[in-house]
Amino acid sequence: MKRKLIIFSFLLLTFSLISQESEFRDSFGKVNSENLDLLLLDFETNFLKKNYPDKNIQNSYKKFLKDFFENEIELNSGLLQNGEKILEKNNLKFHIYNVIDSIWVGKSVISESNEKVLITKYKHLNTNGEFNYAISETSQNNLSLKRSILEKYKEPNLNGIFFESLKRASLKSELLKPYVENLNISGSFMSPLVLAGNILNNKVDLNNYFVRIIILTNIVHR
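For what it's worth, our numbering labels the leading residue of the sequence shown as 1, then goes sequentially.
Just so you know, the hints here were simulated from the structure itself, not pulled from any lab data.
Just so you know, even glycine gets a beta-carbon here, dropped at the ideal spot from N, CA and C.
You can trust all of the hints, since none of them are fake.
What follows is a list of derived Cβ distance ranges for each label pair:
no.	residue 1	residue 2	range
1	159	102	16 to 24 Å
2	191	34	28 to 36 Å
3	172	107	45 to 53 Å
4	187	101	13 to 21 Å
5	132	30	22 to 30 Å
6	133	175	31 to 39 Å
7	113	184	23 to 31 Å
Model the full structure from these sequences, guided by the hints.
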């Protein structure tokens, strides 16, 4: 009887995971989902398997997160060049990220202050597939440092179909729910180092599709 209960519970869990992934794919769309799969495959094939050839895919993710957390490995643009090309396909990156369109120093366009500020203009696709723009401003203090940080890291597109699809899937996923809530409240990605540490410390299932998508978008290609 106990064996039957275990098998039944496993089948329910498997069905639930398939249902969550199906919900996400249906919402994100066939082309977007296929391009996201290509991005995931590229990272697993051209990065994980090459760097950790003696490990299976789950342990490769674990070792990658450990090395990343301990600064033993660097994600430079050369290693991720092919993935960045995939992000360009069918504007995938604009569905996932708020992408910097331009940066300049000038008079505030948000307030009436005459003081010059660092202005950043972002570009993203909304849920209707239309381009929208957003502007943020910050003081000129540590100008070069701020500019380099802004140019290096991407911000999440909370008005696009990728985030909307994650939200829908999170309604059926206790694992995904806190991550989506954090994105929604903060408006920013988690620190990649903090995220890597949390995944390792909480022994999160690295076979989970959404965990891999989060690693891909919040750490690898952020």
